[in-house]
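Chemist: Single-letter residue listing:
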Amino acid sequence: MNALLSADRLTKYYGSFPALRNVSFTVSPGQCLALLGRNGAGKTTLLKLLGGLSKPTEGTLATQARISLLGHGIGVYDELSARQNLHFFAAFSSVPLAVDAWLERVHLLHVADAPLREYSRGMRQRLALARAFMGEPNLLLLDEPFTSLDDKATALLQSLLEEALARGAAILLSTHQIPEAMSLATDILFLERGRLVFSGARPPEMLDDPTWLYRNHGAAS
Amino acid sequence: MLRQTLAIFVKDLRMEFRGKEALNAAIAFSLVVLILFSFAIDPSVEDLKAMSGGLLWILFAFSGVLLLNRSFSREQANDTLEVLLSLRVSPSALLLGKSLANLVFILLVELIALPVFGVLYNVNILQQPLWLLFTMLLATWAIAIIGTVFAAMTVNLRLRELMLPVIVYPMIIPALAAAIQLTTLALNNEVPTGDNLIWVRLLVGFDIIFTALALGLIDIVLVD
Chain A
1 MNALLSADRL TKYYGSFPAL RNVSFTVSPG QCLALLGRNG AGKTTLLKLL GGLSKPTEGT
61 LATQARISLL GHGIGVYDEL SARQNLHFFA AFSSVPLAVD AWLERVHLLH VADAPLREYS
121 RGMRQRLALA RAFMGEPNLL LLDEPFTSLD DKATALLQSL LEEALARGAA ILLSTHQIPE
181 AMSLATDILF LERGRLVFSG ARPPEMLDDP TWLYRNHGAA S
Chain B
1001 MLRQTLAIFV KDLRMEFRGK EALNAAIAFS LVVLILFSFA IDPSVEDLKA MSGGLLWILF
1061 AFSGVLLLNR SFSREQANDT LEVLLSLRVS PSALLLGKSL ANLVFILLVE LIALPVFGVL
1121 YNVNILQQPL WLLFTMLLAT WAIAIIGTVF AAMTVNLRLR ELMLPVIVYP MIIPALAAAI
1181 QLTTLALNNE VPTGDNLIWV RLLVGFDIIF TALALGLIDI VLVD
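Listed in order, the protein sequences are those of chains A and B.
One point on numbering: in the working numbering, the residue at position 117 of the first sequence is 117, and numbering is uninterrupted.
Remember, the working numbering sits 1000 above the position in the second sequence when you count from 1.
Please note that the accuracy of each hint is not assured.
Below are the DMTMM-like pairs computed for lysine to aspartate or glutamate, each with C-alpha atoms no more than 25 Å apart in a straight line [claimed, not checked]: (1) Lys55(A) / Asp113(A); (2) Lys1020(B) / Glu79(A); (3) Lys1020(B) / Glu144(A); (4) Lys152(A) / Glu136(A); (5) Lys55(A) / Glu180(A); (6) Lys55(A) / Asp1224(B); (7) Lys152(A) / Glu118(A); (8) Lys152(A) / Asp113(A); (9) Lys152(A) / Glu104(A); (10) Lys152(A) / Asp1079(B); (11) Lys1020(B) / Glu1161(B); (12) Lys55(A) / Asp1219(B); (13) Lys1020(B) / Asp113(A); (14) Lys1049(B) / Asp1195(B); (15) Lys55(A) / Asp8(A); (16) Lys1049(B) / Glu1190(B); (17) Lys152(A) / Glu180(A); (18) Lys55(A) / Asp1079(B); (19) Lys1020(B) / Glu118(A).
Covered stretches of chain B, as calculated for chain A (at least 3 residues, CB under 8 Å) [said to hold, decoys possible]: (20) 1012-1024; (21) 1087-1099.
It is worth saying that the hints were derived from the structure and are not from the lab.
Beta carbons are placed, not taken as given, at the ideal position from N, Cα and C, and that holds for glycine.
Generate the whole structure from the sequences, applying the supplied hints.
Modeler: Right, dumping it as C-alpha cells:
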C-alpha cells in the first residue's frame, strides 16, 4: 500500500539544541499512530514538521496527503461566526465542502451566524472539530486532542476518528492520555529526548498497562 | 494563489469591520494629532503649505502602525496561523491578502483624516486629486507591505507593539520622503515635472523592489 507520508532521518535543531534526531517512519492509509513520549521528547516538534509549520534541519519528508491539524488552540476566529469560519477554511479546499451539513453534525446550525464570542467552551471545541474534519483529510495530525474536551465533544471526536479510519484516512495522535489513545491506535511511535526509540504495532500489553512502553523502552528502563 | 489571497483579504476585512478596534483607535489617534497640531501651527502662515505633506505623512505612518500590529497577532489568539500553514496556504498569499487588507484600513484612515486636515489648516485638498490619490495609493502600499512582513516577523515577540515601529519607520523613509514631496506639490496645485519626477520613480521603484523582497522573505519568516 502506498504510504501517505514518509519521513526519512528527520532532524530538527533549535539553535544548538537537538529537538529531534534521525526520526524515520511511514504512515499508511487506515493507520492510527499514537505518538507517545514525555514532555520535551519532541512530539510537538515532529507534528510541526509534518504539518508544514517548520522545516527540518536535516532529513526529508515526502507527502501527498491532504493534511488537517488540530493543535492546542482551537484554530478558529473569535470575531467571525461559525458559518463564516467554516466558509473561510473551506475556501482552501480543492473540493466543495458542505458547510451547513458540518454545522448540523456538530449541533451548531441553530447558532451558525452568532459570533464565536457568544459560544460556550464546548461549542467552540465542536466547531474546531468541524473545521479539522470537514475537508475529509486523509492524514489527521492531532496534538493532545482529548485534553480539556467536554463529554459531548469527546464523544464527537471519538466518532469522527472512527469514521476517518473507516474511510481509509490515517491519524497521528500525540497524547498523554494513553487509555483513550490505545482504543484507537494500531501503531505506536515512542520518542525519548528527540529519538524514536520504538516504532511498530501497538503492543497488546499497552491496553491493560499504559505505562508498559515507558517501563520497557523508556530511558529509565 | 489568487483565491487564497482573496479569502485572506476578505476574512481580515470582515474581522476588523466587525470589531473596528484597531480602526477606531487609528482614526481617533489621527484626528487628535491633527487637532493638537492645529493649535500649535498658525494656519495663516505661508510655510504651512510647504510642510503640509510632511505633517500628513508622519500622521499616516504613525496611525498606520497601530493597524499593522494587529495583522498577524489576530492569527495568534487561537493558533489559526498554524492551521493555515498546515492547509498549505501559500505564505505569499497570506502576505498579499493581509497587506491588501492593511492597505484598505490605512487608506480609510487617510481618507477620513484628509478632509479634517483641509478644514483645520485651511488647505484645499482637491487641487490635484488624481496626483494626491496616486501618491496615497503607492506610499500606503509601501507602508502596508513592509509593515505586514515585519508584523509577521515580530508577532512572537513580547514587545511587538514597540518593536514594529522601531523596525518599520527606518525602512520606509525613502517612500515617505517621496510621498511628502509629491503630496506637498499636489496640495500646492503643482504636478510633478522635471526634477520632481524623481520622486514618482522612487516611489514606484520602492514599491516594486520591496514587494518582491517581502514575497521572497515571507516563506522564511513564517516557516522556521
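Chemist: For each hint, tell me whether it holds in the structure or not.
Modeler: Taking the hints in turn, this is what the structure says about them:
Distance hint between lysine 55(A) and aspartate 113(A) is unfulfilled; the C-alpha atoms sit about 37 Å from each other, more than 25 Å. Between the alpha carbons of lysine 1020(B) and glutamate 79(A) the distance comes to roughly 11 Å, so the proposed pair stays at or under 25 Å and holds. Note on lysine 1020(B) and glutamate 144(A): the hinted pairing is violated, with a Cα-Cα distance of about 34 Å set against a maximum of 25 Å. As the CA atoms of lysine 152(A) and glutamate 136(A) are separated by approximately 21 Å, the hinted pair is consistent with the 25 Å bound.
Proximity of lysine 55(A) to glutamate 180(A) is assessed by CA-CA distance (about 30 Å); at most 25 Å being required, the pair is judged violated. About 6 Å separates the Cα atoms of lysine 55(A) and aspartate 1224(B), which keeps this hinted pair within 25 Å; it holds. For a cut-off of 25 Å, the pair hint linking lysine 152(A) to glutamate 118(A) stands: about 18 Å separates their Cα positions. Simply put, lysine 152(A) and aspartate 113(A) have alpha-carbon atoms about 21 Å apart, close enough for the 25 Å limit, and the pair holds.
With a C-alpha separation of about 14 Å, the suggested pair lysine 152(A) and glutamate 104(A) falls inside the 25 Å cut-off, and the hint holds. A C-alpha spacing of about 23 Å is found between lysine 152(A) and aspartate 1079(B), which places the hinted pair at or below 25 Å, so the restraint holds. Annotation: proposed proximity of lysine 1020(B) to glutamate 1161(B) holds, straight-line Cα distance about 18 Å (limit 25 Å). With a CA separation close to 11 Å, the supplied pair lysine 55(A) and aspartate 1219(B) stays within the 25 Å bound.
Proposed proximity of lysine 1020(B) and aspartate 113(A) is supported: the alpha carbons are some 19 Å apart, at most 25 Å. For the hint linking lysine 1049(B) to aspartate 1195(B), the alpha-carbon distance of about 20 Å falls within 25 Å, and the restraint holds. The suggested pairing of lysine 55(A) with aspartate 8(A) holds, with an alpha-carbon distance near 13 Å, which does not exceed 25 Å. Distance restraint check for lysine 1049(B) and glutamate 1190(B): the Cα-Cα separation of roughly 12 Å lies within the 25 Å cut-off, and the hinted pair is therefore satisfied.
With a CA separation close to 15 Å, the supplied pair lysine 152(A) and glutamate 180(A) stays within the 25 Å bound. A hinted pair counts as satisfied when its Cα atoms are at most 25 Å apart, and lysine 55(A) with aspartate 1079(B) qualifies at roughly 18 Å. The hinted pair formed by lysine 1020(B) and glutamate 118(A) meets the criterion: a straight-line CA distance of about 18 Å does not exceed 25 Å. Only residues whose beta carbon comes within less than 8 Å of a beta carbon in chain A count, and the stretch 1012-1024 of chain B has 4; three or more means the coverage holds.
A stretch counts as covered by a chain when three or more of its residues have a beta carbon under 8 Å from one of that chain; for the stretch 1087-1099 of chain B and chain A the count is 3, and the coverage holds.
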